[in-house]
Structures are given as C-alpha cells and as structure tokens.
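**Q** Chains A and B, in that order, give the protein sequences. According to the working numbering, the first sequence is numbered sequentially starting from 1. According to the working numbering, the second sequence is numbered sequentially starting from 382.
Check the hints yourself; a few may be wrong.
Simulated restraints, written as ranges between beta carbons of each label pair [as the list claims (entries may be wrong)]:
#, chain 1, residue 1, chain 2, residue 2, range
1, B, K481, A, F131, 34 to 40 Å
2, A, E152, B, K564, 51 to 57 Å
3, A, F49, B, K387, 54 to 60 Å
4, A, G375, B, T567, 39 to 45 Å
5, B, G598, A, T347, 48 to 54 Å
6, A, F131, B, K492, 31 to 37 Å
7, B, G662, A, T376, 47 to 53 Å
8, B, V595, A, L24, 19 to 25 Å
9, A, R141, B, K584, 39 to 45 Å
It should be emphasised that the hints constitute simulated quantities derived from the structure, not laboratory data. Every residue, glycine too, gets a C-beta built ideally from N, C-alpha and C.
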Amino acid sequence: MSQNTAASTLPRAAGLNAWLAGSLRRALGSRLAATLSFPHGVDRYLEQFDPSWSLHEVRAEVVGVRHLTTDSVTLSLKPNANWRGFVPGQYVRLTVEINGVRRTRCYSPANSAHARDGLIELTAKAHANGFVSRHLREQLRPGTVVTLSQAEGQFALPEWRPERVLLISGGSGITPVMSMLRTLCDEGHKGRITFLHYSNKATDLIYADELAQLAARHPNVQLLRAFAEPGQGGELEGLFSRAQLAQAVPDYAQAQTFLCGPPGMMKAVQAVFAAEALEARLHLEHFTAAPVVVDSAGAEGEVRFARSERLARNSGATLLDQAEAAGLKPESGCRMGICHACTCRKTAGKVRDTRTGQISDGEEDIQICVSVPVGTVTLEI
Amino acid sequence: MSNYNKLTPAQFESIGKEFDAIRNRVLADLGERDANYIRTLVKRQRQLEVGGRIMLMIPPAWPLGVAALGASKIIDNMEIGHNVMHGQYDWMNDPALNSKNFDWDTADTAKNWKHTHNFEHHTYTNVLNKDHDIGYGLLRMSEQQKWEPRFLANVPLAVILHTFFQHFVAVQNLKLEDVLVYKTKTRAQLKEDFKPVWKKMRKQLAKDYVLFPVLAGPLAPLVFVGNVAANLARNVWACAVIFNGHFPEEVEQYPESVIENETRGQWYVRQLLGSANFSGGKLMHIMSGNLSFQIEHHLFPDLPAHRYQEISPEVKAICEKYGLPYNTGSFFRQTLSTWTRIVKLSLPSRRKPSTPVAVAAAAPAVVELPLAA
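One chain only, chain A, in its complex shape:
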C-alpha cells in the first residue's frame, strides 16, 4: 500500500532528455538566473515562450472538456512538472481568467491518484449563479492554460488504507470520494467499500456509468444511489436519515467514513455520528460553506475601501461581498475561509468571523470572505 507520488504519475522522459531538462531547470533556478532576470524573475520570461512554462507555478493545459450531466463539466488538465500530485480527497485552487479578471475556486480532483495519463480531472457543477462554474461549463476550451495551486486540505485518504470504507457524498461533493474510490480500486483494495451518494434524480448523478462499472467489476464495492425524487431507480430513496443508514449500511460504526456534500446533508450525517460518539471515524470536508448568517437588520456604520477611495454603507454581508457590491474586484478564492486568497489588511474597525462568531479589532490581516463588519471598518482595498 504505497503512497503514490507525482513522479510516478508523470511520463518519464528518456535519459538524455531528462538530464538536459534537469540541467536547464537547475540553470534557470540558479541565483545567477535570478539576478540576471531581476526584478521580474525567470518565470516572467519563461511564460512568454509558452504559458505553461514556469519554474514555480503549477500551470495546466485543458486537454479535455466533457459533460457527464447536463449541468456539469468535467475537465482533464495536463499539469506542468511543478505539480506534486495529490492525496485523494484533497482539493486544488483553480484559477481561470474571465473577461480579463482572474477568478479562483476550489475543486477536488476526482481522478485516481494512480491515473497513468498524469492528468488531473476536475468536475464542476454549474449553479445558476455560479459565475466561475458556468464559465467552466460554457466557455472553457481545450488548449486553454489555467493556473493551479498544489493540492491542499486535510480531508484525505489515510496513507494506511482503512479496511472498511464508507464514502458518503451529495451532489457535486462526489468528486473527492470518487477519487478515493477510483484510487482504492486501482490499488486492488481488499476491504469492503460502500459508496453512498445522494442526489435529486438519476440524471443528476455525475459518474453514473463509471460507478456502475466499478461496482460490477469489484465485488467488494457496494454502490448505494439515493435519489430524493421518487421513481428514479436508485437503491435508496429520500434524504439521509439514521434509520436509512442503519438499514443500508448496518456496519457503518466499524467503517472509516469519508463525507462530502451540501451543508444540510453534512450536518445530518455529523449529528448521527456525534450521537453515537463515532466522530473519530468520520472524516469530512466542508466543501461548501454553511451559508453565512447575515444580520442585515443590525448592520450599522460604513465600509471604507481606502485604496480605491470607495465608501459603502455596511449591508451586514461579508466584506468580500460588500467590496464586490461596491464594484471592486478584490482577489478571492474559496469564499469560505480556506484558501487565504482574499486576505487583506484591515486598518481600523471590528469584524466578526462568520465561522466562529469571534470578534476582532484593530489593524490586522483578515480573510474578507468570512468577515462581517461590526460597525465602521477600513480596508486596504
């Protein structure tokens, strides 16, 4: 049960080429090259030759765009040599440019960690007001070069694979657990794996065909499709409940459970596991943040965007939302307090962290996507 590494997933060049590439890389990464290319740095010259060339950044070329369901898009990305691989369950920050503006969102690779083609597979569900996911679905073309972060996140398949695995997902939360399932199947995992997925109807189920094939090919894989709407032909019907879990997966208490899905479903599963003191066996990723509680009635004061000389009446929304409502485009990413892309300097005022309710005061760096102003706040935006 070895842990995969990026090197094993990337195609190996022949000896001489590899040596040349290695020497060139060392030369370009040397202090001399840094001084000669000062102050812009070697990468700023390399990218002029080919947008995927970089010494430090992970850039990837879109090599495939598929639509497994009507409202989703599945991208195949070919990363450059800087990609260090990922552990199933982790996510990457994907940056794409839309009308001149770079936008970043988090997605979990859904591919097996052992995929031979070295490609990263990201699947996004296009929400009605999902600006970036809609772009990915409707506009992104093969050949486009996008920027990725290295894989991040604690939600990951443990290096020593658990014997009994229960994967629970809902909606587009399927991607990280799909990666876990594919990886375990590739490894010839002997223990039992239950894949329990919730969606509204059969046509919403991304990876439907592949899941069916995997379950047919691997007798230790049990596929439980739960559809909220009746008559969809799934193994289960309705929403998650303790009774349903106990009936469908009687030994769930013995399994290591990995969970990813919409906030309501995550909460329901967490409550069941907490009631039976099974939290240590439940691993989860808050991939979609619980909706921020906005108390617009009690909002007072104003938000001062110092650098752009804008002033807005505090609406009670997060500072990121308020900045965008004021026509600004601050850097942002996950919009749920994970990626720190939106971190900026608050020079005055108090903010409340939407995750913890904690209030902090004075000059500090804050994540504006999870900060709501309490009274007047001044930001260096």
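Got chain A sorted already, so can you dock chain B onto it with the hints?
**A** Below, chain B without anything else, positioned relative to chain A:
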C-alpha cells in the same frame, strides 16, 4: 487670478460629478481588451529586453542592441511599471500585474516609489512642501519655493537630474536635502532609510554593469557601455516626460492651504490645472506610458493608461464647458516651456506671487498652444 479661483462651489461640485461619471463608466467597461493590451506590452518589452541584451554581445548589432534595451527599459518603467504600480490593472487579480507585487527595472524600490509618487505626488499634486516632485528637493521649480543661493545651479542640476534620473528617484524618498541643507533629518535616520534602497540599487548595478558584461567575456566593455547608454536614454526620456507633465509655465501650483477641506471636485480641478499633456502618435503615447495624457492620468490615476486617449475628448469638453484651460502642445513646446521655467527660477522672483500662483491669463476655453517656432 488663477483659473482655480474662478470657479464657484456649485461648479466644483458639478465638475466632480462629471469626472466621476467618466471614471465609473470606464471602470464598468474594464475587461479582456485591457488585459490583452497590457499583456501584449509586457510581451514586447520582454522581447526587446532579451533581444537587446543578445545584440549587445554581437558587435555589428550593438547600436540596435542599445536601442532595443533602452526601449525595453522605457516601456518597463513607463507604460508597464508606472501604470501597474498605480494599481491600474489590480482588478485583473493577476499577481504578475498587481501593484502589491510588481517591481520595475530601475534603481528605485517599488515600495518607496509608491509612497512618494502614488501617495505624495498624486494626492498633493503641485502643492508646495507636500509634493516632493516639485524639484525633487534639488531644483527650484515653483515661484513660491523660497529662493536660495544653491538654486543658481538650477540649470546644471536639472541636467544632472535628467542624466542620473533613476538614482535620483531611488533616493527621493530619503529626502536628502533635509539632511544636507535643512538639517531636519539625522544621518542615522538616513542610513536606516537607505538600506532597502541600496539593496535594490546594488542588484540593478550588479545586473547591468557586472554580470551581463562578464557574460560577454572579451566583449565586456562593449556590453558595459551599451548598458550605460540604454540606462541613460531611459533616464533622460523619463525625466523629460515627467517634467513636461507638471512644469510647463502655464501649469498652476498651490500653497498648502488649498488642501484643507478640499472637496472631490476641487481635487479634480487642482489635478487638471496642475498637469499638462503633449501631443504625439501612438508610439509617443506608449513610450511615455501615456503620460502624454498627464491631465487624464492625474484625474484618473488608476484607470488603465491606454484609456486616456479615448476619454480625452470628454475631458476637453468639460474644460471648455467650465472655461478651464486644457494645457497641451507638442513635446518640443512643452520641453522648451519647462526649461524656460527652470532658467527663470534659478534667480530670485521679482514679485510676490498671488495665491494660488496665477499664471494663465484670461481664460481661453481651451488653450491649444501653437508649435514653438
């Protein structure tokens, strides 16, 4: 009487609204076109730089190499560096084109420059004692600046400033005159402030005058001289462009009192009257970082500079409407006018100037200045 003093509070307010409307309209329209524009320029600059450095090592191509490297440095500093560090492209969220991260191919640190330029110069444009760009602590560029005997050397010092512009700008934030002339700053303070400046300067000097020449082996002297020439070309050009933007004779300057309780409209008018454009073709605009539209730049310092030409007819129309001058002329005319000021101010002023300094005579709607003979 200065043009600034001719406006009523109501006029200031409506001018402010009209300029705000232009700004908001352009901001709402920013997108792929602007991104492509700046990326294309970055690409051209990198091509000129790499090509120039290679040609400097090939003797027959040496003159071309100097031209290419000089052009590369000018584009890097003017149309890319100056404008990116103004935050004109921050909305793109591209770390390579963000004012927080960008650094330019010149001796000045990005951080110091953003303080003296973006903050001091652009907030307090042409306000004496506040805008250090008035003479850079070296020259007498305003009648309101008290005459001192050292200003007899205004002309040779201006030549020296043009020649070593990158290093003067690099030390601008140190306010050397406060140590050397006015003794309001200690040498210990100066030493502390100089540390980050020296760090940047050192790297620039090492790159241009040691490493690239050494790489050329026996041709080292040729490459060394080529770098000197390219840096000199950039220095003189950048300094001339900047001087033409604020020092032609009709440009107004202000006492500190003007900024007390200044309204947005008043700020706009001060920027307008404190700046001057010069005419030219597309190449002239690119090589000057579109500071050939210095007026538009001072009204809207964080709008992408290639937009200035597009909005200039509207700015001109607003000037006409309110009887304000729109100071423009050929590059040569503006340079001549600037040097006339440098010469005149090397001697004590004959009369006390009014407040703010009244320069433009009766208000012609738009001052379209004739070409100098």
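**Q** The structure should be examined with respect to each hint, and the outcome stated for every one.
**A** Evaluation of the provided hints:
no.	hint	verdict
1	B:K481 / A:F131: 34 to 40 Å	violated (24 Å)
2	A:E152 / B:K564: 51 to 57 Å	holds (55 Å)
3	A:F49 / B:K387: 54 to 60 Å	holds (56 Å)
4	A:G375 / B:T567: 39 to 45 Å	holds (41 Å)
5	B:G598 / A:T347: 48 to 54 Å	holds (53 Å)
6	A:F131 / B:K492: 31 to 37 Å	holds (34 Å)
7	B:G662 / A:T376: 47 to 53 Å	holds (49 Å)
8	B:V595 / A:L24: 19 to 25 Å	holds (21 Å)
9	A:R141 / B:K584: 39 to 45 Å	holds (41 Å)
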